[in-house]
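Novice: Take a look at the letters that make up each chain.
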Amino acid sequence: SQTIHQWPATLVQPVGSPLSLECTVEGTSNPNLYWYRQAAGRGLQLLFYSVGIGQISSEVPQNLSASRPQDRQFILSSKKLLLSDSGFYLCAWEPDRANTGELFFGEGSRLTVL
Amino acid sequence: QKEVEQDPGPLSVPEGAIVSLNCTYSNSAFQYFMWYRQYSRKGPELLMYTYSSGNKEDGRFTAQVDKSSKYISLFIRDSQPSDSATYLCAMSDGNYQLIWGAGTKLIIKP
Chain A
1 SQTIHQWPAT
11 LVQPVGSPLS
21 LECTVEGTSN
31 PNLYWYRQAA
41 GRGLQLLFYS
51 VGIGQISSEV
61 PQNLSASRPQ
71 DRQFILSSKK
81 LLLSDSGFYL
91 CAWEPDRANT
101 GELFFGEGSR
111 LTVL
Chain B
115 QKEVEQDPGP
125 LSVPEGAIVS
135 LNCTYSNSAF
145 QYFMWYRQYS
155 RKGPELLMYT
165 YSSGNKEDGR
175 FTAQVDKSSK
185 YISLFIRDSQ
195 PSDSATYLCA
205 MSDGNYQLIW
215 GAGTKLIIKP
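Top to bottom, those sequences are chains A and B.
Read in the numbering used here, the first sequence has 63 at position 63, and its numbers run on one by one without any break.
Read in the numbering used here, the second sequence has 123 at position 9, and its numbers run on one by one without any break.
Among the clues, some could well be false.
[Unchecked claim] Here are some chain B residues pointing at chain A (derived, C-beta under 7 angstroms): (1) Pro-124; (2) Ala-143; (3) Tyr-146; (4) Met-148; (5) Tyr-153; (6) Gly-157; (7) Pro-158; (8) Leu-160; (9) Leu-161; (10) Tyr-163; (11) Ser-206; (12) Tyr-210; (13) Ala-216.
[What the hints assert, rightly or not] Okay, the calculated beta carbon distance ranges per label pair: (14) Pro-14(A) x Ser-183(B): 27 to 33 angstroms; (15) Leu-160(B) x Arg-42(A): 16 to 22 angstroms; (16) Ser-29(A) x Tyr-165(B): 21 to 27 angstroms; (17) Asn-30(A) x Lys-223(B): 42 to 48 angstroms; (18) Leu-160(B) x Ser-29(A): 19 to 25 angstroms.
Quick caveat, the hints were computed from the structure, so don't treat them as lab data.
The structure displayed is predicted, hence computed values, not measured ones.
We put the beta carbon where it would ideally sit given N, CA and C, even for glycine.
Chain A on its own, in the form it takes in the complex (with noise of 0.2 angstroms):
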């Protein structure tokens, strides 16, 4: 079965540190991956999305940014986070070209930052 794992899960950061979030997938082979986030009270917000190892489409301009260094490997990063990147991050997974949005979420990464 497939699975995903997420970290770390909880994270509170200073104002200008930098991030990195990663996430993997098991038991299956070239996902599409996702990076979403999530604010109190709203809807997810698609932050990138990759069809395979290198390829990257970003959604929403920001200080934010992901690589896919590996087949199930995602990974979200900034240089410098600033008092709005905190807020609640979610990786998912998508069978190969499915794109129906059946999509599997790890458990997610709670950033806060001061």
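Please build the complex by placing chain B on the supplied structure of chain A, with the hints as guidance.
Specialist: Quick look at chain B alone, frame taken from chain A:
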């Protein structure tokens, strides 16, 4: 006007009641309709998935899509306290970009 509208609630009902959750949308190109359930401080989990119009039933859950009215619903029968969560609707026209509702917080009172 948002592409997807969803009442944020909270919706509070007694245990055993039938629950109706709804979303309306404006884009007639949407073909895929999903309901996700999200417990507090957890990632969403896919609950129901429907392609195009019609009904789909899975245990106590029924999803309905009315494309003519641009309206989707999720019904929960015999609601349980464990159903207390936020329910998110999402829809897609077949590309990578899902459009999400803001979520309805549901509280089932024992």
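Novice: Each hint should be assessed against the structure and marked as holding or not.
Specialist: Consistency of the hints with the structure:
1. Pro-124: Violated: closest Cβ of chain A sits about 11 angstroms from Pro-124(B), beyond 7 angstroms.
2. Ala-143: violated (13 angstroms)
3. Tyr-146: Check passed: Cβ of Tyr-146(B) comes within 5 angstroms of chain A, closer than 7 angstroms.
4. Met-148: Since the shortest Cβ distance to chain A is 5 angstroms, the answer is holds.
5. Tyr-153: Violated. Min distance 10 angstroms.
6. Gly-157: Since the shortest Cβ distance to chain A is 3 angstroms, the answer is holds.
7. Pro-158: holds (5 angstroms)
8. Leu-160: At about 6 angstroms, which falls below the 7 angstroms cut-off, the nearest Cβ of chain A leaves the hint on Leu-160(B) intact, so it holds.
9. Leu-161: For Leu-161(B), the interface hint is violated, since the closest Cβ of chain A sits about 11 angstroms away, which is over 7 angstroms.
10. Tyr-163: holds (6 angstroms)
11. Ser-206: holds (4 angstroms)
12. Tyr-210: Hint holds; Tyr-210(B) Cβ to chain A Cβ min 5 angstroms, cut 7 angstroms.
13. Ala-216: This hint holds: Ala-216(B) lies near chain A, its Cβ roughly 5 angstroms from the closest one there, short of 7 angstroms.
14. Pro-14(A) x Ser-183(B): 27 to 33 angstroms: violated (50 angstroms)
15. Leu-160(B) x Arg-42(A): 16 to 22 angstroms: holds (20 angstroms)
16. Ser-29(A) x Tyr-165(B): 21 to 27 angstroms: holds (24 angstroms)
17. Asn-30(A) x Lys-223(B): 42 to 48 angstroms: holds (45 angstroms)
18. Leu-160(B) x Ser-29(A): 19 to 25 angstroms: With Cβ atoms ~20 angstroms apart, the hint holds.
Consistency note: the structure conflicts with the earlier hints numbered 1, 2, 5, 9, 14.
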